[in-house]
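Mind docking these for me? Both chains are given alone in their own frames, and the hints should help you get the complex.
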Amino acid sequence: MNNQKILGIYDDENKLISSIQSLQDKGYKVKDVVSPYPIEKVFELLKLKTRLPALAFLYAIIGLIGTFGFLYWTSVINYPLVFGGKPQNTLSFVIVIFVMVIFVVVSLTLTSFFIAEKKGPGAKPGFEYPGISDDKYVIIIDKTQDLDIDSINKLMKKEGAIEVTEQ
Amino acid sequence: MYNKEVRGVLIQGNKTYGQITSDVLAPQERKAPTWWFIAMFVSSVMMMVGLWAIYTTVSVGIGTWGVNNSIAWGWGIINFVWWIGIGHAGTAFSIFLLILRQKWRTSINRAAEAMTVVAVLCAGLFPLLHMGRIWIGFMVMPYPNSRGPLWVNFNSPLFWDVVAISTYLMTSATFWYLGMIPDLASVRDRATSKVKKAIYGFMSFGWVGTAKSWLRFETAALILGGMAAPLVIAVHSIVSMDFATSVMAGWHTTVFPPYFVIGAIFSGFAMVLTLMIIIRKAFKFQDYVTEGHLQAIAKILTFISLIMGTAYTTEIFIAWYSGMEGEIYTFFHNRISGDHTKAFWTMVTCNAIIPQFFWFKKVRSNITLVFIISIIINIGMWFERYVIVVTSLSKDYLPAAWSSYSPSIVEVGTYVGTLGIFGIGVLLFIRYIPMMAISELKTVLKGTSIITNKKDHE
Numbered sequence: 001m002n003n004q005k006i007l008g009i010y011d012d013e014n015k016l017i018s019s020i021q022s023l024q025d026k027g028y029k030v031k032d033v034v035s036p037y038p039i040e041k042v043f044e045l046l047k048l049k050t051r052l053p054a055l056a057f058l059y060a061i062i063g064l065i066g067t068f069g070f071l072y073w074t075s076v077i078n079y080p081l082v083f084g085g086k087p088q089n090t091l092s093f094v095i096v097i098f099v100m101v102i103f104v105v106v107s108l109t110l111t112s113f114f115i116a117e118k119k120g121p122g123a124k125p126g127f128e129y130p131g132i133s134d135d136k137y138v139i140i141i142d143k144t145q146d147l148d149i150d151s152i153n154k155l156m157k158k159e160g161a162i163e164v165t166e167q
Numbered sequence: 168m169y170n171k172e173v174r175g176v177l178i179q180g181n182k183t184y185g186q187i188t189s190d191v192l193a194p195q196e197r198k199a200p201t202w203w204f205i206a207m208f209v210s211s212v213m214m215m216v217g218l219w220a221i222y223t224t225v226s227v228g229i230g231t232w233g234v235n236n237s238i239a240w241g242w243g244i245i246n247f248v249w250w251i252g253i254g255h256a257g258t259a260f261s262i263f264l265l266i267l268r269q270k271w272r273t274s275i276n277r278a279a280e281a282m283t284v285v286a287v288l289c290a291g292l293f294p295l296l297h298m299g300r301i302w303i304g305f306m307v308m309p310y311p312n313s314r315g316p317l318w319v320n321f322n323s324p325l326f327w328d329v330v331a332i333s334t335y336l337m338t339s340a341t342f343w344y345l346g347m348i349p350d351l352a353s354v355r356d357r358a359t360s361k362v363k364k365a366i367y368g369f370m371s372f373g374w375v376g377t378a379k380s381w382l383r384f385e386t387a388a389l390i391l392g393g394m395a396a397p398l399v400i401a402v403h404s405i406v407s408m409d410f411a412t413s414v415m416a417g418w419h420t421t422v423f424p425p426y427f428v429i430g431a432i433f434s435g436f437a438m439v440l441t442l443m444i445i446i447r448k449a450f451k452f453q454d455y456v457t458e459g460h461l462q463a464i465a466k467i468l469t470f471i472s473l474i475m476g477t478a479y480t481t482e483i484f485i486a487w488y489s490g491m492e493g494e495i496y497t498f499f500h501n502r503i504s505g506d507h508t509k510a511f512w513t514m515v516t517c518n519a520i521i522p523q524f525f526w527f528k529k530v531r532s533n534i535t536l537v538f539i540i541s542i543i544i545n546i547g548m549w550f551e552r553y554v555i556v557v558t559s560l561s562k563d564y565l566p567a568a569w570s571s572y573s574p575s576i577v578e579v580g581t582y583v584g585t586l587g588i589f590g591i592g593v594l595l596f597i598r599y600i601p602m603m604a605i606s607e608l609k610t611v612l613k614g615t616s617i618i619t620n621k622k623d624h625e
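Protein sequences appear in the order of chains V and U. Positions 1 to 167 (the numbering used here) are the ones given, in order, by the first sequence. Positions 168 to 625 (the numbering used here) are the ones given, in order, by the second sequence.
Isolated chain U (complex conformation) (with noise of 0.2 Å):
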């Protein structure tokens, strides 16, 4: 009882090595399908939106914006932390789960790591942007400068998260990267182009899989991992504390951190889940993501939900509990009723509600519902990011401050041109570069998958 696999057959079909190698690099080796072509045909078309945007908001200004002076941070801060939040799910994935040893993670980390890294190029824009004058950007750095020399304000929130999502997205695309080399270096060898094998060639770095090379690598890897972790966890706290150090009803709570990096890796599961189902569909790679790895994050979503029920709730009770007149306005009176409703509620039905479903066998096995979820799931995080940023800002302690938000053109461009970026990220992605980690799915083969001939592999 007690040796019972909870996850059962990880990869399908008894695979052979070799034919793993196959599998994987099969969709690189054939031509580009029709819909690859239709889809980085409308990314495109996106990006240049966004271009479109981003150049109206730098050459005219943050003036081209929907905000004003009582609600100075619209879709620009929205945005920025739900891509931040999306870009959660590598780190969720491939480090949490390789350091509590799950070995399911191998079908799916490489993607997931992929998206992070897209994510958080995203991410950064905003609040670039957010600036206005983006030429000045280099100011956030402390650096030796002839106005004093004065340096930033390291007690600043704003200023951690310069520090902590450089170095998110340093360490992300890293940790990526290094996964990728021995599978760069299956391509290479079975490259029958001279191009192709140049290029790969020079992005493997020269790998060959020595026994001290494996060992390095794994303990590099490891190391990273470690790292990696805290390091996701600090990253969303430290957006949280923009909000929560302020003074500002309906931000300044002690149950912000949690709150955001719990939502963050919600929301982050979520979109591993969209597009594993498309990657999967798309590719054939039934056997490498099986029902098992589908139900595995939907189970986990299930758990997440609950929290960020808990966490709604909390919110909501301890503003009452507080008696403090700001915050019980704030939550009663502009997000449970009040001009916000309409974004409260979405947002509650589709994060705490909506997920639940996932407790029946049946929705959890149904790839179209389980696949509708993962997409509600993240509209649900960009209303609570809606509901956080507009809600309090609108109506502050100062009514003759009060003012509305509805965001400019420029805004919603720039919106969709970071959809763009990332749909351009992830296909080229699903184009030239392994999607799974070839030799980690090799680890896990022997241990969890073959079931029908077990005698002869032990």
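Here chain V stands alone, though its shape is the one from the complex (with noise of 0.2 Å):
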């Protein structure tokens, strides 16, 4: 958090929105976006994407595997044992398994959701600002050396900021 971030403050999504826009127009990076609840605009904006659905696929395949393998090894190769004649690799694996994939994915892909976003009970909240849990719009701009502070402020103002502070 060395750093130093200009912040623009909002309390309208649409102003937001188009305040993004603008500033993206010009050439200007904008570092992150924080508000009190998903907008999928904003998502498209900053041309976000993640991976947890292929990982998520991946936890399903691992999931699969081991539990058929794990079926099997105790129950064909370990300790092979009869009940009413019917095969030892069965068919009514397929419900363990069922089960068992979808334990695998639920818990792995929290998991990798909590690691990823480096967060846990007890973590500290990288960024403060009064309200942006409730009804208050961030957009986060890493101020560097060559930056024109004073023409993203007049932007930002221009396009309904209700503050432009830096952090």
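Worth flagging that the hints you see were computed from the coordinates, not collected in a lab. Just so we're clear, the structure is a prediction, and the values are computed from it rather than from any experiment. Every residue gets a Cβ at the ideal spot worked out from N, C-alpha and C, and that includes glycine.
Pairwise CB distance ranges (calculated):
#, chain 1, residue 1, chain 2, residue 2, range
1, V, Q24, U, E385, 16 to 26 Å
2, U, F524, V, I77, 54 to 64 Å
3, U, I229, V, G66, 30 to 40 Å
Counterexamples of contact, computed for chain V against chain U with all Cβ distances above 12 Å:
#, residue
4, Q4
5, D146
6, E163
Okay, the calculated bits of chain V under chain U, using three or more residues with CB under 8 Å as the criterion:
#, segment
7, 78 to 87
8, 130 to 139
Here is the structure:
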């Protein structure tokens, strides 16, 4: 948190979006946007992507192979036991596999989410500003040497920022 | 015509975003009302009764229950299935409606999920207690052991139950908590006392609400939802297979899995309705849980009630059509008529007939009647499990083994205890956790709720 940031505070979603658009048109790099609820448009403008679905799919494959491997090992290799003449490698494994895939996907996806977000019990919020979890929206721009702060300031104010500060 | 808003206004009263936060959090920032302490006291007393019953069961043994060799599954399994059914509310509500993009879920999903977690905890107690020797309960888990190693029977629905219910508990609890994190951050940011700030700061995992966080958050919620939707169907299908894979007359039917899943969602929705009417009234949330919300649930219940009626009729028809003596005896002489008629007809009346009154708008919009019917449904669903468990077991293929069953005080005590645990859980929830998903309410505000000054907001 050493580097300085310029914060534009807004109280309306539409003003926030048009402000991001005009900042990006002028070639300024919007570092982040903080909002009290998810806004799809912001994801589009900041070109954000997430690899969580791909990871979840990977976890599903791990869960599938892992569970089948475990069932096969226990029931066919380690201790083959005959239940009423049924085959040892049976179709009813499908049910345990199905549920265990869900178990593995849910637990590992969540773990990945918290690791990627660096969040967990007792983690400190990296950024604080009054009202960001209530009804304020914040645009964060990294302050660099060659940045024209005045024009950013004016632009944000013109687009309806209620306040522009530095932190 | 095709643009008609089906659900109408979801949040009434032209709220601003700030108002939503303060409205939802207001009950926690006030002092707890007197009725909360009274309810807490009553629930604690009920829990004490339950603890006594559990102590008796564990220290003396399963002989303290009313079950016998013929009717080995009594109240324990009835209540297990009943609680699991109620525990389907959260998933049914929050996850099916999330996947179907139904925006009206936002005011109710949090409470429904909280209910689910507590109800599944209550449900899990029963199979454990029913083992009798609870201290060797861990033996149902497949782990390398010194007995062979002898593994559990992976082909048994009872083992599938262990896997499914623990997965369901884990999934619904984490899904609930994940959704809560942004709202806990709201509580943290508004907290005035240092202690409260520290506690909610710890619980909110350092949530800020940056764009990337929100994107990942929504994606994770959708993945969890997508995973939990088939899970909820699997859980109750598996519970039904505990019955359906046996050869008991009245249990051995292919209709059981869908019939159980629908029944579970039925009782879950009814319980949500009961609780939401109380919460709405107690905390004056009429702007958020509108009559439209309650009517939407009532309409779903009407439909599910029709399915329940169909399922009951199908069972009876197939029993006759199969021409199998045992089935015919069970359905025609041990349910419709015979020793258990009262339970059977209570079940039919409560589940298939009374909810049909929701067809009338007058009934649907009368909150008191809706509240009463929602309770009646859960009574009916309890009797459904009673009918299934007790009638089939009481008179099986061997008349010499016919038996009757009445619960002992210990079984009743356990049930009362779980009701107490449920009560305590719900009361703690409404006191310390935002009752509605604040951030989700805010996402639906603009699209669905600002009518009078629409122009300013577009």
